[in-house]
Structures are given as structure tokens and as C-alpha cells.
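My request is simple: use the sequences and hints to build the entire structure.
So the sequences go chain by chain: H and L.
Letter by letter, the first sequence follows residues 0 to 390 in numbering that gives the first Met the number 0.
Letter by letter, the second sequence follows residues 0 to 390 in numbering that gives the first Met the number 0.
Any given hint could turn out to be false.
Note: identical chains are not told apart, hence a pair may lie in one copy or across any two.
Stated by the list, open to error - Derived pair list, reagent style SDA-like, types lysine to any residue, alpha-carbon separation capped at 20 Å:
1. Lys45 - Tyr245
2. Lys265 - Asp108
3. Lys265 - Gly105
Hints in this document: simulated from the structure, not taken from any laboratory.
Nothing here was measured: the structure is a model prediction, and the numbers come from that model.
This is what each chain is made of:
Number of protein chains: 2
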Amino acid sequence: MGWNRVALVGAGMIPFGELFEKSWEVMLEESYLECLNSVDKGIDPKEIQAAWIGTARPELHGQGAQGGVSLVGQLGLAGIPCTRVENGCPTGSDALRNAAFGVASGVYDVALVAGYEKMRDAPTSGLLGIAMQGHPLLTLGETAMTMFAPKANRYMHEYGLTKEQMAKVAVKNRKNGVLDPYAQFRSEITVEDVLKSPTVCEPLNILDCCPQTDGAACLIICRADLADKFTDKPVYIAGMGCGTDYYYQHEVESYTSYEATVKSAKEAYSMAGITPDQLDLAEVHDCFSITEIIDYEDLGFCDRGEASQLIEKGITEQDGELPVNVSGGLLCKGHPLGATGVAQCAELYWHLRQEAGERQVDIKHGYGLQHNVGGRSISNSVVIILSNHVT
Amino acid sequence: MGWNRVALVGAGMIPFGELFEKSWEVMLEESYLECLNSVDKGIDPKEIQAAWIGTARPELHGQGAQGGVSLVGQLGLAGIPCTRVENGCPTGSDALRNAAFGVASGVYDVALVAGYEKMRDAPTSGLLGIAMQGHPLLTLGETAMTMFAPKANRYMHEYGLTKEQMAKVAVKNRKNGVLDPYAQFRSEITVEDVLKSPTVCEPLNILDCCPQTDGAACLIICRADLADKFTDKPVYIAGMGCGTDYYYQHEVESYTSYEATVKSAKEAYSMAGITPDQLDLAEVHDCFSITEIIDYEDLGFCDRGEASQLIEKGITEQDGELPVNVSGGLLCKGHPLGATGVAQCAELYWHLRQEAGERQVDIKHGYGLQHNVGGRSISNSVVIILSNHVT
Chain H
0 MGWNRVALVG AGMIPFGELF EKSWEVMLEE SYLECLNSVD KGIDPKEIQA AWIGTARPEL
60 HGQGAQGGVS LVGQLGLAGI PCTRVENGCP TGSDALRNAA FGVASGVYDV ALVAGYEKMR
120 DAPTSGLLGI AMQGHPLLTL GETAMTMFAP KANRYMHEYG LTKEQMAKVA VKNRKNGVLD
180 PYAQFRSEIT VEDVLKSPTV CEPLNILDCC PQTDGAACLI ICRADLADKF TDKPVYIAGM
240 GCGTDYYYQH EVESYTSYEA TVKSAKEAYS MAGITPDQLD LAEVHDCFSI TEIIDYEDLG
300 FCDRGEASQL IEKGITEQDG ELPVNVSGGL LCKGHPLGAT GVAQCAELYW HLRQEAGERQ
360 VDIKHGYGLQ HNVGGRSISN SVVIILSNHV T
Chain L
0 MGWNRVALVG AGMIPFGELF EKSWEVMLEE SYLECLNSVD KGIDPKEIQA AWIGTARPEL
60 HGQGAQGGVS LVGQLGLAGI PCTRVENGCP TGSDALRNAA FGVASGVYDV ALVAGYEKMR
120 DAPTSGLLGI AMQGHPLLTL GETAMTMFAP KANRYMHEYG LTKEQMAKVA VKNRKNGVLD
180 PYAQFRSEIT VEDVLKSPTV CEPLNILDCC PQTDGAACLI ICRADLADKF TDKPVYIAGM
240 GCGTDYYYQH EVESYTSYEA TVKSAKEAYS MAGITPDQLD LAEVHDCFSI TEIIDYEDLG
300 FCDRGEASQL IEKGITEQDG ELPVNVSGGL LCKGHPLGAT GVAQCAELYW HLRQEAGERQ
360 VDIKHGYGLQ HNVGGRSISN SVVIILSNHV T
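Structural data, given as C-alpha cells:
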């Protein structure tokens, strides 16, 4: 039923945070070594035949244009092919998607996927500088916040969502992050904390917003039929999807959903041959609290306008029916663009293998979903569904 | 024998040049429409299921971070998946390589590959600004010229290559460009012109260097077994390769070859199941005259130290035994990074289909080779071999 052509056999990550003491090279190296060491039956780096690296905008963060070669040279893998993928917020997940195509095409047996972003060294060109992505005139004054906040206002108007309900998303994810050693924030907050925190762009307060974060993560993937060489517990790519929406905000049809997510989710569910009720957990794109609310509906976790009920009823809590962002999510763990999607898949990998420690969720059906949405006008999305079994 | 999983069924390009009057959006649109119209039996844009776009550094050229979505939104294709590939000079060819993986993986039947670069609006951040690619300290003062010129000096020392012989590469390619309506320069030059032109970086004079160029090119690819829906004359991807070298100049082993090219050529020939003597033509990376000289040897067109003889004997002329850069090459046609590799494949497509007009070369074996090399320390390369028949 599912795609099952490619398996994940290793995952590594560094704790996300304000890593002024680590260069991007060091972040990459550390996450790569963690990843290599995570392979149950071991791996010789010489077995890695190709690599894909996701990094969204080192050029705008003052780190130059880092092409594919920067990764492999840095990791002692000079010689092998390496492609740099750049796709806004889904940069890391799209790097995995392209690597999976390379393996599924039959050309490579084993590949490395790496993602990193070093955002804190140049804070003003982080999410605030998102305007630099688009046309210099049309995007003047446009930041991540000014793209997402109007959606929150419209959603509140349409469906009666309250600021308290939005705040509960942040509260949930910060609570989850306490258990995640890779999260940038390790402390709980209350609804009152969120509501009293400074307004960034009405109706989003600062605790409704993800932080600026440095981080890196790696995965090793291989042909599904070769996975047992590396582990007895491979995790398979059951389905993948990528979708886009119109490029400028004034062209976008809906202010209460993200069409790019809807399209990528449809492709991924169809490829995996499953429905949302078969998911044991999801790592979704919560760059702002409103984003997670809208994600629930775009990803089919509930009907339109019902998302706040998932939060109110605790369904997406760590011990709920469908745990969402048990890693802490972007709001708590952080959002180093190129690393985010790769790290989300690493989190699913650990849960699906029952090795997520204190934050382990119940695995019943054996499926987990990863999701990113972003880019200009929030018009680009990737969804990847992983499974602990061949379906 | 060859890979033959993916076919090219359409190719379009705009004339390269100093296109101050065209935005990157307009360049893309024009090349896309040319490409659509080139499909023999026609194509409905709705048949395009996914896209890959190559653009190397719009961020450094002041155009913002253009992710995949910028392409599809601009071309009326909003909705479909789109990945942006960035890989230095091989950016365009690596976009085609990744699109081919997507199709060969079985996930997509028909895909669009687009490449563009708008370099003239910000001249100082073009090839002169290549230093911005790497570590701010280690690459201080490093430009394309200061990376390639030492190779020329070393090659001249080792093998007795003369400046006259290097100049003949530029003379050949400028002569070829006279016949190519897509070339930036349409006039011949002499060896004396090259030798008398100003020194840029010893031993390279300005006419040994490719210009700064704006341009865009597109290809439509599909599953090989579906090609006859679009054309009776498909061109197949017989083989592809990508290779890397060490990241910093001081780590690179040879100053008279590019290991990245050697590795990518080996992968591509092996996949295609051919040897260089089966090539009817090649479009190789001649960002500087010395580069084409070294390419001949790295790509196996001759033995080490023999490249100058190919030039002296006219073997790589348009009517020679192995015509190289009949399009005019980077030296004459121009080098808009993301567009270059896509445009080289379009040129091969036309020749292999016998429709290259006045510059048509003899097609005997039915194979053409595309090659790029670049990035930091000239450490990244892609080679793609196309064929007019399934092998």
C-alpha cells in the first residue's frame, strides 16, 4: 500500500539553541557524528554514496552561498555527490524528499541528509528579514509575523478562536519541551504568561512566536531492501508530498488555511495509503501558535473550525489521542530552517522505534507525520509520513 | 546498457545577454513558453506534475531568497511541488539531475526543469563576488579569477601550454557563437585580440574569461516510456554523475585537473555504458579558456597534457571530430549560473534531434555530453550524457 522504497536507518541531532560558540561547520559535524553513531549495526562513512543538504539562507545570514560541496568537504566525505536544497521553511524536509528520490531511482543505495541553519549570528536577517525573500518593493515591510498574524485575525473572526486557545498551543509545546534534551527552551509557561507577553503583531504575542535558533540534524537513508544491513528496526518512508500556493499574498484564496499544506498532505496520505486517524504522532509546523491550529485542519486531524477543540480536549497533548509536537515543536524546540524538517523526522524515527525516552508516545498503528509550511506567502509545504513497518 | 529511465521532450531558452529590461520573472516566463511550445505533439501545462528550479545566488544578487515556490507561482503552476536546487556553477544541471531522480523514482510522470540567473543588475556580486560563497576570512580576496588563474599557471608549467593555445579556445567559441542566436556575443575575435586584451589575473586576459550574463532556460522531462505522447524524437538521459572535491584550495590535490569533474564523468560514463569516443558533441564548462583545456583531460577526451593538441588540430571545432561548445560555450554564450546547465542540455537536445540549424554537428553515435564544474575551490561538478536512442 505505502511507498516503502526508502528506509531511515540513522538519525542524529544537536541540542538546538543560541549556539554562538559553534560555527555551522561544527554544528554539522556534531550532528553527523551523532547520526553515524546511531546506526544500530554500524556504518562505514565510505558506504555513503551521495548527500543532500538543506540550508535555507546562509547568504542572508552572512555565511556566504554554501553549496552542496560545503557539506561533504566539511564531513570528510569529499568526492561524493552533494546537492543543496533550498525551499524556505520546508528546506530540511525537501532535502530528505529529494534524497529519497535519489535512492528510489535506483542510482544510490545509501545517502546522507543533513540540515542546518545558523540564525542567531545575524538576528535581524532571521525571520524578521523574511522580506528579503521576495520582490524588493512588493515585500517591503513583510515579515514572518506580518504574514501569519492576519491569518490569526481572520481565523478568530470566522471560527471564534480565542487568544487563550491559541496560547494553549504554546503552553502545550513548552510543556513537551521540558522532556526534550534537544529543545531550545526547557521550562513551562502558562496561558497568562503568553497573554501578558509583549505583542509582536496583533493578535500574536511574543510567546506565540518561535524563537531564532541555531541547529543541525542528520539522517541516513537507504534502499528499503538493504535496511537490515544497518538495523533490525528501520523506519520507512510511507509517503511524501510537496505542494505550493500562489506567490503573493493578494493571490491566495483562503486566509484560514494553507493550500500548500492541503496539497502536500493529500499527496502524502495517498502515497502512504492511510488516513489521519492512523497516525500515532505528528510533528507539525508551529512557527506561530496560530499555525499549529490551522495545520490541524489542513492535515485532516479535524474538520474546519474544530481545531481549538483538539487543544481544549487535550487530544494533541503528549498523552492524548494524537500527540502533536512532543519534541516541543518550533515554538519551543526552535526553528533553524534547514534543520527543522530533518529534526522532525529524527523525532518520529525515535518514537516509531520506541526509543524516545521520557517523551515516548504510544505506538499503535506505527505511523508518524512530519509537516512544514512556509516560504513567501506561506506558499510552500512538505509532508512526510514515516512508518515502523512495511505496509 | 544506459540508464534511459527519463526522456527530454521539450526545451526552451531566451537569448542570453545583458537583459536590464527583463526581470527574472520575465526571463523565466519567456523561456518556459518557448519550452512549452517546443513540445512536438503539444503539452497541457496541467500535465506538469512537479518542478525543479536552479538558481544559484539571487540572495547575493539582491533578488532575495527565491525558493521553489517563486517559480511555479510565476508560471501559473501554483499547486505543484517545486524544489529549488543550489549548487554553484552546476546549479542548473543538478536541478535536472534531481528532477530526473523524481521521475525515475516513479513518483512523477512529467516534470519541469527551469534555471535562471540575473547577474548584471548587481555586477560586483557576480563572479567577482564569489568570495562571498565561503568562510569570510579564508576566502578573503578569492574570486573566480583567483581560483582559476593559478591552475593555468601550473598547467602551463607542467605541460608547456602557451597563452596562444589558451587564446585559441576563446577564438573557437566566439566563432561558434556567431551561429548561435542565444549567445551573448555574436562576433569573432582573433588570437591577437585575446593576447592584447587587458590582464585580469595573470595569465588570464579578459577575453579568456566568460562575461557576466542574464539568462533563463527550461526543459520538460518525462518517464521514458511515456515520451511518445509528447514527441516521436525524445532524447534520453543515458547517464548522470555528480562529484565533489575538497572544500578549501589548500586541500585540493591537483592544480592541473579537477577531481570533481573526474568523479562525475566516471559516474556518468559508467551509467551510460559508453566511452568518450562515442560522443558526437560536448557542451563543457569553459568559464575561462584554461577550464576548457583541463576539461578535455578530466572528461577523457585525451590523455593528460594533450589537451592543447585537440585545439591545435581543430578536433573540437564545430566541424571537427568532437565538437565542443558549438553553442559558443560560457566564454561566448554567457554563464548565468542557474541557467547554464539547463541551456547546455537544451543545446544537446537540439543537436541530437538534428534541429540545430546552421550550427548542427554530425550525429553518428547519438550521444552528447554536458558538463559543469565550479563552486568553492572548483570542487563541485555535474556531468549529464544525453542520447537520441535507447541503448
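Here is how each hint holds up against the structure:
1. Lys45 - Tyr245: Close across copies (16 Å), not inside one copy (42 Å); limit 20 Å.
2. Lys265 - Asp108: Result: close only across copies, 18 Å inter versus 28 Å intra.
3. Lys265 - Gly105: Intra 26 Å, inter 17 Å, cutoff 20 Å: inter-copy only.
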